[in-house]
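If you're matching them up, the sequences are chains A and B in order.
Sequential numbering of the first sequence, starting at 572, is according to the numbering used here.
Sequential numbering of the second sequence, starting at 341, is according to the numbering used here.
Hints listed in this document are in silico derivations from the structure and should not be mistaken for laboratory results.
Some hints here could point you the wrong way.
[Said to hold, decoys possible] Which residues of chain B face chain A? A partial, calculated answer using Cβ under 8 Å:
1) Gly553
2) Ala562
3) Lys565
4) Ser569
5) Ile572
6) Leu573
7) Gly614
Since the structure is predicted, the reported quantities are computational estimates derived from the model, not experimental observations.
Glycine included, every Cβ here is placed at the ideal spot set by N, Cα and C.
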Amino acid sequence: MHVELRGITKNFGSLRANDGITLSIPSGTIQGILGENGAGKSTLMKILSGFYRPDGGSILLDGQVTRIASPADAIKQGIGMLHQDPLDFPPLRVIDDFILGGKAGFFPRRRDAVRDFQELARRFDFSIDCDSYVDTLTVGERQQLEILRLLWLGARLLILDEPTTGISLPQKEKLFETLKKLASEGMTILFVSHKLEDVEILCDTVAVLRKGALVGTMGLPFQTKAIVELMFGKEVPLAPKTQWEPGKKVLNAKNVAIDGIRIQIRGVDLQVREGEVIGLAGMEGSGQAMFLGACAGLTQPVGGSFCLDDDERDMTGRNHHDFKREGVAYLPAARLEQALVPGLTLTEHFILSEGMGGIFIDHKRALELAQRRIELYNIKGRPESPVESLSGGNQQRALLALLRDSLKLILVEHPTRGLDIESTVYIWSKLKERCAQGTAIVFISSDLDEILQYSDRVIVFFAGRVTPPLDAARLTVERLGRLIGGKDWESIEAEVAHA
Amino acid sequence: MRDSRLSNLLFQTGSVVLALVLTTLVLLVAGAQPLEAYKNIILGSVGSWDVAANVLVSWVPLLLATSGLLVTFTVGLWNIGIEGQITLGAIFTTWALRVLQQSGWNPGVIILIAVLAGMVGGSLWALLTGALKTFGGVNEIFGGLGLNFVAVALNLWLIFGPWKRPGVASMSGTLPFDRSLWMPIAEGSSRLTPLTIVFAVVGVLVVYGMIEGTYFGLKLKAVGKNPKSAYILGIPTWQHMMASFALCGLFAGLAGAVQVTAVYHRLIPSISSGYGYLGLMVAMLVGYRASLAAPVALFFAALNVGSIQLPIVLKLDSSLSGVLQGTLVLFVILGQGVRARLIKKSKEEA
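Full structure from sequences and hints, please.
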């Protein structure tokens, strides 16, 4: 199928997720779509697969202007989407999952479906038993099942969103072999990924998105340096950082191992000292959020230990409230989902976070506290404003304002995501104030400039692999971008082995 | 549409009108005279001092149950097991009275101990639901519903087994207690016990004050609105859920104790009288606000008592009050939903 996008635009409120994207993909092409988190990849794919309707622009399939009304409509028109987390039905048998969503009618003809399934599976040399249950399959097999299902439904364009996460190497090779075979038969394939290596092996051409816009395309042979530059932007010379003096030990993570649903991280070692800023870099879902949560006692590691302070008080296995009492604060990225309570006012949040004593609420004191903090943190809101009525930037300021005065360690997920420049600068000025008082900060960001600008040391996460803390002063955006995309890890591992 | 008091009032009124229209239709289908039926309900609830007193007798356990439920709703829990908690309250009260009735102690002291025992019983039964949820991962709706059946079975077993009347067990319950162990009845009335009204009024005031004025209440609200954020803010979440179960159980147990010591003076098979479920409806209707609980519960109690007239005068089934109560709740909640959608839509268009 020849797919043409013309000026696709999509806004979410004031955020422009897709900005006039124009791209033509001829039949039989494997088109890579690259971009960092929030670049607009998922939005574009969701528009193509009928989840979203674009605000502007048009989609042409084989030269015909097409309106894709829903995911069901998309598959009717031959567009099949393979989601990062397979949208299948774990409690069903493989064959029932296969039939679902199909054109089989009210009483599906199972025998025909079984025949079709086995024929398709044979063609691609997949060995899935059609009577087994979906939840007994590996992620890779579930992916194969989804591909077969989409092919059976007549997909002529296949969209794959981060398909190589969580599957084994042989499964990945099998997947690539299958995709190449399909493409040679005229199937158009959109391959969305952040793994440079995968894209380079598989794709015929890549398109790079950045901040919602298409910033460049490239055919074979690919130049990694140029791609990284397109993805993360040109190197900006940074202002020299003030030299950080190592203070007392605050957190000592030793040989930490954590099991996630899809990835595992092993052997993370990190010593954080007073006033230090550690940046955790990596594509979303590479293990950095798991690690940060474990530092806060929110998830428990399966191995290793967390100790606090110079006297190495062992906190392994303790819960978040124990960490909190020790002066460890955690600021999640999902502000309204995990950090603030929609429906409660700013004042009520300050009352809760302050942990005032007594039985009855001292409303006068609470109001004074709220007014003081609102002024101090420059929050555009009133004490009686419900938190959900604040803008994102002001919610983030409120989160900082909720932090207690003397803290050992602040763990922040995406401190400035979705914020405008003014708020970004403000948030970091407040965090830096804390550092000057001796508080250490560990933060996650997908903005490489932010990582390099504010961190003293950086840890990079990639598909469960973790670098040792790297000196930020000796890192460049390009090197960081390559590590995040899974390149150059041999050199890191060699360094570690050498040390 | 704007989010204003006026639009809210319009929708609330509209919901009530729609509920009346639907109930009228049901009456017409049943071949009854709607106006005649409504007149009888009104007369049956406020037509004389005696029926008005009956309304208050019904109001007390209903308001107690509603007050308890406001606590669990605040923390985001659906304590459907409140029926069983009322029943266990009644059982514990009966047990205490049975143990102490021959003790020769001051009847006032015995009644006090019995009421406290009822509160403890209701609370323990509620904590069981809470423990199933917290430690067993059983949703409180399923756990509560299951325990309701267990409570009914336990109650029946006691009435027909260990606590049966001398001679032959009966659906009319255990042997009534001696008059000295009844909660004092108001002079000139057959059933009204002023003390229980004090319980109900103090109860709802305590709940109101707790939710609106205390740190504990604010923490309950935070857990109810977003447990994840509440936890990050430093609030122990499951502990607050357990505490709210325990509190609701105290109120439910008190309702059960009132049923035994002030209304039936014995244990009967349907001792909870459905006040738990009705309390859920009242709580939903008032949008979980304690300030409105007392008048709405009074209205529901009046409907209940008033509709007793229907079978006597009009040969209609008294379940009509249930139809009216049910449709009222449905339409009010529907109205809120529609209004919220319209407001959202007009905001998006703006």
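For which of the previously enumerated hints does the structure constitute a violation, in increasing order of number?
-> Of the numbered hints given earlier, the structure breaks just one, which is hint 7.
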